[in-house]
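Those sequence lines, one after another, are chains A and B.
Residues 1 to 528 in UniProt numbering are what the first sequence lists, from first letter to last.
Residues 1 to 528 in UniProt numbering are what the second sequence lists, from first letter to last.
Think of the hints as simulated: they come from the structure by calculation, not from any bench.
Check the hints yourself; a few may be wrong.
Put simply, identical chains are the same to the list, so a pair is met inside one copy or across any two.
Claimed, not checked - Below, simulated SDA-like cross-link-like pairs (lysine to any residue); rule was C-alpha separation at most 20 Å, straight line: (1) K525 with E67; (2) K48 with A18; (3) K525 with R114; (4) K525 with G124; (5) K48 with A410; (6) K525 with V463; (7) K48 with G419; (8) K525 with A118; (9) K48 with P213; (10) K525 with L66; (11) K525 with G111; (12) K525 with S127.
Protein chains: 2
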Amino acid sequence: MERRVTITGDLFIGQSRARTSRLFRAVDPATGDLLEPDFSAAGADEVKRACALAAAAFPAYAATDLETRARFLEAIADNIMGLGDALLDRAHIESGLPIARLTGERARTVGQLRLFAAEVRDGGWLSIRIDPAMPDRQPLPRPDLRLRKVPLGPVAVFGASNFPLAFSVAGGDTASALAAGCPVVVKGHPAHPGTSELVARAIAGAVAAAGLPEGVFSLLNGASNELGGALVADPRIAAVGFTGSRGGGTALMRIAAERPAPIPVYAEMSAINPVLLMPHALEARAEALGAGYVASLTMGVGQFCTNPGLVLAIDSPALDRFTAAAAEALGQAPAGVMLTPGIHQAFGQGVEALAAHPRVTTVARGLAGEGPHHGRAALFSISAEDFEGDHDIAQEVFGASSVLVRCRDAATLARVVEGLEGQLTATLHFTAEDEPMVAGLLPALETKAGRILANGWPTGVEVSHAMVHGGPYPATSDGRSTSVGTLAIDRFLRPVCYQDFPDSLLPPVLRDGGQAGLPHRLDGKHTR
Amino acid sequence: MERRVTITGDLFIGQSRARTSRLFRAVDPATGDLLEPDFSAAGADEVKRACALAAAAFPAYAATDLETRARFLEAIADNIMGLGDALLDRAHIESGLPIARLTGERARTVGQLRLFAAEVRDGGWLSIRIDPAMPDRQPLPRPDLRLRKVPLGPVAVFGASNFPLAFSVAGGDTASALAAGCPVVVKGHPAHPGTSELVARAIAGAVAAAGLPEGVFSLLNGASNELGGALVADPRIAAVGFTGSRGGGTALMRIAAERPAPIPVYAEMSAINPVLLMPHALEARAEALGAGYVASLTMGVGQFCTNPGLVLAIDSPALDRFTAAAAEALGQAPAGVMLTPGIHQAFGQGVEALAAHPRVTTVARGLAGEGPHHGRAALFSISAEDFEGDHDIAQEVFGASSVLVRCRDAATLARVVEGLEGQLTATLHFTAEDEPMVAGLLPALETKAGRILANGWPTGVEVSHAMVHGGPYPATSDGRSTSVGTLAIDRFLRPVCYQDFPDSLLPPVLRDGGQAGLPHRLDGKHTR
Numbered sequence: 001m002e003r004r005v006t007i008t009g010d011l012f013i014g015q016s017r018a019r020t021s022r023l024f025r026a027v028d029p030a031t032g033d034l035l036e037p038d039f040s041a042a043g044a045d046e047v048k049r050a051c052a053l054a055a056a057a058f059p060a061y062a063a064t065d066l067e068t069r070a071r072f073l074e075a076i077a078d079n080i081m082g083l084g085d086a087l088l089d090r091a092h093i094e095s096g097l098p099i100a101r102l103t104g105e106r107a108r109t110v111g112q113l114r115l116f117a118a119e120v121r122d123g124g125w126l127s128i129r130i131d132p133a134m135p136d137r138q139p140l141p142r143p144d145l146r147l148r149k150v151p152l153g154p155v156a157v158f159g160a161s162n163f164p165l166a167f168s169v170a171g172g173d174t175a176s177a178l179a180a181g182c183p184v185v186v187k188g189h190p191a192h193p194g195t196s197e198l199v200a201r202a203i204a205g206a207v208a209a210a211g212l213p214e215g216v217f218s219l220l221n222g223a224s225n226e227l228g229g230a231l232v233a234d235p236r237i238a239a240v241g242f243t244g245s246r247g248g249g250t251a252l253m254r255i256a257a258e259r260p261a262p263i264p265v266y267a268e269m270s271a272i273n274p275v276l277l278m279p280h281a282l283e284a285r286a287e288a289l290g291a292g293y294v295a296s297l298t299m300g301v302g303q304f305c306t307n308p309g310l311v312l313a314i315d316s317p318a319l320d321r322f323t324a325a326a327a328e329a330l331g332q333a334p335a336g337v338m339l340t341p342g343i344h345q346a347f348g349q350g351v352e353a354l355a356a357h358p359r360v361t362t363v364a365r366g367l368a369g370e371g372p373h374h375g376r377a378a379l380f381s382i383s384a385e386d387f388e389g390d391h392d393i394a395q396e397v398f399g400a401s402s403v404l405v406r407c408r409d410a411a412t413l414a415r416v417v418e419g420l421e422g423q424l425t426a427t428l429h430f431t432a433e434d435e436p437m438v439a440g441l442l443p444a445l446e447t448k449a450g451r452i453l454a455n456g457w458p459t460g461v462e463v464s465h466a467m468v469h470g471g472p473y474p475a476t477s478d479g480r481s482t483s484v485g486t487l488a489i490d491r492f493l494r495p496v497c498y499q500d501f502p503d504s505l506l507p508p509v510l511r512d513g514g515q516a517g518l519p520h521r522l523d524g525k526h527t528r
Numbered sequence: 001m002e003r004r005v006t007i008t009g010d011l012f013i014g015q016s017r018a019r020t021s022r023l024f025r026a027v028d029p030a031t032g033d034l035l036e037p038d039f040s041a042a043g044a045d046e047v048k049r050a051c052a053l054a055a056a057a058f059p060a061y062a063a064t065d066l067e068t069r070a071r072f073l074e075a076i077a078d079n080i081m082g083l084g085d086a087l088l089d090r091a092h093i094e095s096g097l098p099i100a101r102l103t104g105e106r107a108r109t110v111g112q113l114r115l116f117a118a119e120v121r122d123g124g125w126l127s128i129r130i131d132p133a134m135p136d137r138q139p140l141p142r143p144d145l146r147l148r149k150v151p152l153g154p155v156a157v158f159g160a161s162n163f164p165l166a167f168s169v170a171g172g173d174t175a176s177a178l179a180a181g182c183p184v185v186v187k188g189h190p191a192h193p194g195t196s197e198l199v200a201r202a203i204a205g206a207v208a209a210a211g212l213p214e215g216v217f218s219l220l221n222g223a224s225n226e227l228g229g230a231l232v233a234d235p236r237i238a239a240v241g242f243t244g245s246r247g248g249g250t251a252l253m254r255i256a257a258e259r260p261a262p263i264p265v266y267a268e269m270s271a272i273n274p275v276l277l278m279p280h281a282l283e284a285r286a287e288a289l290g291a292g293y294v295a296s297l298t299m300g301v302g303q304f305c306t307n308p309g310l311v312l313a314i315d316s317p318a319l320d321r322f323t324a325a326a327a328e329a330l331g332q333a334p335a336g337v338m339l340t341p342g343i344h345q346a347f348g349q350g351v352e353a354l355a356a357h358p359r360v361t362t363v364a365r366g367l368a369g370e371g372p373h374h375g376r377a378a379l380f381s382i383s384a385e386d387f388e389g390d391h392d393i394a395q396e397v398f399g400a401s402s403v404l405v406r407c408r409d410a411a412t413l414a415r416v417v418e419g420l421e422g423q424l425t426a427t428l429h430f431t432a433e434d435e436p437m438v439a440g441l442l443p444a445l446e447t448k449a450g451r452i453l454a455n456g457w458p459t460g461v462e463v464s465h466a467m468v469h470g471g472p473y474p475a476t477s478d479g480r481s482t483s484v485g486t487l488a489i490d491r492f493l494r495p496v497c498y499q500d501f502p503d504s505l506l507p508p509v510l511r512d513g514g515q516a517g518l519p520h521r522l523d524g525k526h527t528r
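With the sequences and hints as input, model every part of the structure.
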């Protein structure tokens, strides 16, 4: 499986490799050392060229039949697997993530591409609706109306640092945009440009093998905000997928809103993913909850969007037992290499600010690390009243840092929930005796989170049909969407209605009989 | 059927009637006279009260079962019919629209409410997806995941001037938002406050009869931009539906984007609805096309969002025949009362600017009117090159004004199409011989318009399942949506995933067996 590969540092403008005079290197976060080779950073010219190619590719790619598009996605998956261990090795050295984790992330990435291939074939996302003509209707005849969803146009995808495979060059945004029929221009994350290059090679190879127009995919590397801004501002870009910080996401939202023609931005930004411990559950299993919580908190050095950064519970001896168990587990949690020096620095600053806060108590710290960019876990506690009095405490500290909010009573806990911002997830631990209290909290939690978990932990996001990885602002820029799971395709589509068209000019899926096997609505009735 | 009704001029804050010291009156556009009675204009206090009631009503209304919600929509329809001729009479005097047109518009309005009632019962819009647990899956078990869409929250609806019933207080935005489970706060259009009050009475009566929380519906009247801005900025408002001018829509978009938590705005704003006349169709039926075009252009004094404001064709003797036929028909087109003095004034200014433009030729004017606010139809022509050189000519002039763009050849016509902004509709007239040319234009038209018509006219928007009344910016603020037809409900929904919840705490439609009869996906498979 393993093959020796050379990383060139080039940009991918369609099928062309491009170099610039602006060079940068990746950093090995485990050592702080710069990594070979030099990578070209894209500038305004490369943005324009990639976007022009994407726009030129759009009509032909949008018109591909479902089977062609599905096989293209599968070929990308095959090509990624074909990169062998070289991909894992490079991702490991660029991200500090363990090989075992990256092996799992690769499986998730190719599984996601194959799931979207199956979804493309399913065709339900086309939302086909046919209202046949009623020429004799009174007082007016009804025309023949046929609706399908079409792709929006070229999509700009921003690779995320924390999933160098699954949320990066061939991650969920790219897979769902390509599935929808949109060409993709990726702005690669500067922390893992070698990984990006290898994956780009897999995609570009699949583009060529399928005979698709080269502009279906480009990769632009670079570390500057200007690069991302120029990409979002390009008039040929029709939508944006982003996973990253709140500052970065809101900056892109502003640029997109101020364009002459505004475009949708799907930014997955920040969440503290509250975990609510109900009294009977605490009483019954405080120690197990404490251990489970710390395991979820410290997994992957806490670098998950769904990391449980907030625990809400009512003060009680059982909560003291939970806290003691969590403190003990955290005290033994090893430090781990964080993704980038910048993320490590921001984590350190966030933790220090909490530790120095006069109303915040440091409950426990994890083991100190040995390398230059090791993240050391941290657990804090605060009273509900003090938490409500200082909104900064509810800001995400990306990494294994979490705050326990001790509530006087159930009413206080409910009030704290009401005051929370939008979240990716909300988690409840409860027993049957707690159900009335849970039922009282659920309506508020439904307005706050995209996914609500019972007696589990929010880390671990299944890629499937019923998943929602999204949530009200500021968890994402657009709470009407998910960035994980097959429903993510809907972000890159819009409906078009064809009125009274002859079969010869209709897209094949809207012609008489062209819906065979595809879910659709005929005069409103659900049909296949 | 007819009943005598008194119009009070009050605001509807839930079930309370409110008065303020800021008074205004409607104008009879046929005469310019002020109409009785005085209407209270809402201010910041009334906005706050209505939004607080809407937020308080949201959890209970969102949780109503489908049958309750469907019957509520049907009761609104019944109550509107129960208002009898008094509603038509008031709408006529406030809008200048003929009684026959308003009778049809009322049928459309109540038909739309009943269609959404049926759609609520259908339940496909819930997007139910169930991925059953796989406890034995390797390497990790899969949790039980269940997805449904939930309503966004209270929706602000802005009544439109040009459909005092179908796009106003109980129009498509209100019907689809209520169908989705969202309380509605309407900002009534100041041109028809009496009509708004009567319809508000129908809705508020249905709210009370159904025993729903009073905040499910409020009506705030007023003419100021500040009122609309305060409503969109209110933190309890979760989405906005608007039909009106580009200036008004973009102002609301800005306010919504600058909120601490931005919200979606569905603004249907401006379109010139290009009509493309293919050479063989022109040759075969130039005279009939000219007459049909003028009939569509002048229908309702041109005050439709889908009014054909632009015709594109290749210069030829047949185009001269079309132009002559259109000029002759237009010359006999009577003027009509426009909706408001302001709309009449803006129409006059737009027409005068075109008439005075050095590159624009006035082809024909309609008959002059007799009243103070009669709109006189106008048809202009310009060369493609001059059209492309002056973007102002492509701006909508609301009313019966249209521009014919004469293209040198097919390539010029295609280039003009490429340069168009987003549109609600695009129309093609063609014969079988023209089909290759049409096929070449369709990919571009699909990126420009929400609805594409063959051999018809864009005025007349069917309310059905396959309709799209939307389109890329600036036709609307969000080309991913439609404001007419059952798909409009999707604007006011977002997905929520429930992970590993016991049946007892799941919403009924997600419980085991709770999907009976509802379209859903079980492990991805489409099922009922």
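To see whether the hints hold, each was checked on the structure:
no.	hint	result
1	K525 with E67	between (26 Å within a copy, 18 Å between copies)
2	K48 with A18	within (13 Å within a copy, 57 Å between copies)
3	K525 with R114	between (30 Å within a copy, 16 Å between copies)
4	K525 with G124	both (14 Å within a copy, 10 Å between copies)
5	K48 with A410	neither (56 Å within a copy, 28 Å between copies)
6	K525 with V463	between (30 Å within a copy, 16 Å between copies)
7	K48 with G419	between (44 Å within a copy, 19 Å between copies)
8	K525 with A118	between (24 Å within a copy, 11 Å between copies)
9	K48 with P213	within (17 Å within a copy, 54 Å between copies)
10	K525 with L66	between (23 Å within a copy, 18 Å between copies)
11	K525 with G111	between (33 Å within a copy, 18 Å between copies)
12	K525 with S127	both (12 Å within a copy, 15 Å between copies)
When each numbered hint is compared with the structure, a violation occurs for hint 5 only.
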